[in-house]
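J.: Guided by the hints, dock chain U onto chain H, whose structure is given.
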Amino acid sequence: MKKILKFLLLILLILIIIYFLIIKKPIQEFSKNYFYMDTYIVVKIYSKNEKTANRVLDNIDKIYSEYHQLTDRYNSYEGINNVYYLNNNQTNQEYIEIDKRLYDIIKYGKNWYSKTNNLLNINMGNILDIWKKYRDNKEGVPTIEELTSVKLFTPDDIILKNNKIKNNKLNLDLGALAKGYTTQVVADYIEEKGFDKYLINAGGNVIVGNHYNNEAYKIGLEDPNNKNNIYKVIKANNKSVVTSGGYERFYEYDNKKYNHIIDPKTLYPADYMKSVTVITENSKLGEILSTYLFLIPVDEGQKIINEMDNVEAIWFTNDFNILFTDGVEFNE
Amino acid sequence: MNKNDLLLIIPIFIISLFVIFLLKFSNNQAKNALIFYENEQVLKVPLNINKTYNVKGYNGDVLIEVNNNKIRVNQENSPHNLCSKQGYIDSSYETIVCLPNKIVVKIIDEEIIDTVVK
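If you read the sequences in order, they're chains H and U. Start counting at 1 in the first sequence, then tack on 19, and there's your number in our numbering. Start counting at 1 in the second sequence, then tack on 38, and there's your number in our numbering.
Derived from the structure by calculation, the hints contain no laboratory data. Cβ coordinates follow ideal geometry from the N, Cα and C atoms, glycine included. Treat the hints with care, as some may be off.
Unchecked claim - Have a look at the derived ranges for each label pair, beta carbon to beta carbon:
id, chain 1, residue 1, chain 2, residue 2, range
1, U, K94, H, L24, 44 to 50 Å
2, U, K82, H, D290, 31 to 37 Å
3, H, N245, U, Y126, 33 to 39 Å
4, H, D282, U, Y126, 52 to 58 Å
5, H, V61, U, I58, 39 to 45 Å
Chain H on its own, in the form it takes in the complex (with noise of 0.2 Å):
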């Protein structure tokens, strides 16, 4: 009798065992949204440590604010030196003590504004902003004589020495690259505290940790023709997908779209696709890429991210086509 007692709890605990390891578990989500620099913002964590990860979601709020004010070029906070006040206040050149975040976030978009081909420039606000003033007003395009009638300053001006800047040719605007920078600062944080499993849409940024089922997210890029649709899904784990597109922010003149990526050698928006999607590991880098990508005509960024490692790229083109880089075919 003992004997089969015995065996018959051996058999129980090996079904227990194969139970525990088959059936899947769910997992709980916690997640909070923002608003900053003009874009809808969701983390989400998954956990089962719900106290942290709320206090860790409170104080991603925290970063996103401080970054947004630093890299706020239409406001002025009382006590920072942000991009409204160094724009606005080079009347007596010196040097200007900055937040080490910001001048980070300065000398990352300086130092790739060669490796660009000169096409990266965040210190052109004053051209960005005439074309903001035709796209508010719907009506209109600026002529060439207006556009290069303001002195265009390059990266080139930009002058940073020991977390202090010369405010002196000095239009900052750091839309190019703000966004993707601080929500990869935000996924370091989940990171460190933590974290592993979690997912962060930025408007045009994503960044993915590991998936919360042992699977990989399933990400859609938005069709530029169709908001409602999506055109292709990319299945990934501990990336960064960055997306820079024509078609959300844009007017419509004389049947003509005039987009907000401006090319800094025609002044006039870029026209080469529809919208271009790069997959890395970091997003700093993805949002670079994708303005950068999104500048030059779609042939030319195939060669160039052919030959970048952990880097991918997906063109939506003017006449409808999807092409990828080699490493794409794999992601499915």
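T.: Chain U only, in chain H's frame:
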């Protein structure tokens, strides 16, 4: 065939039946549930994430809970509370209908997209 053979065969048989049973019922295909108010879809929720949702019903807020790949109406303002009494559903063959609040909860089998890059 002697006693020792049976001692080996029967446990293996039981265990394999058990594994087959588990695999059939452990759903690899993740499901979504659709929530309708007055016949219009107001929400689409994944069943593989435990969460409680607050939906506006005709008589007030309706709490809908997703737990362990099942979904149910947890709380609603109605004379007989029939739809919260119904409890959990976990397959697309079942539907939860809350007539007084005009809420319908249906499960659909479909591929979930986690997020969309705009």
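J.: Need the list of violated hint numbers for this structure, in ascending order.
T.: 1
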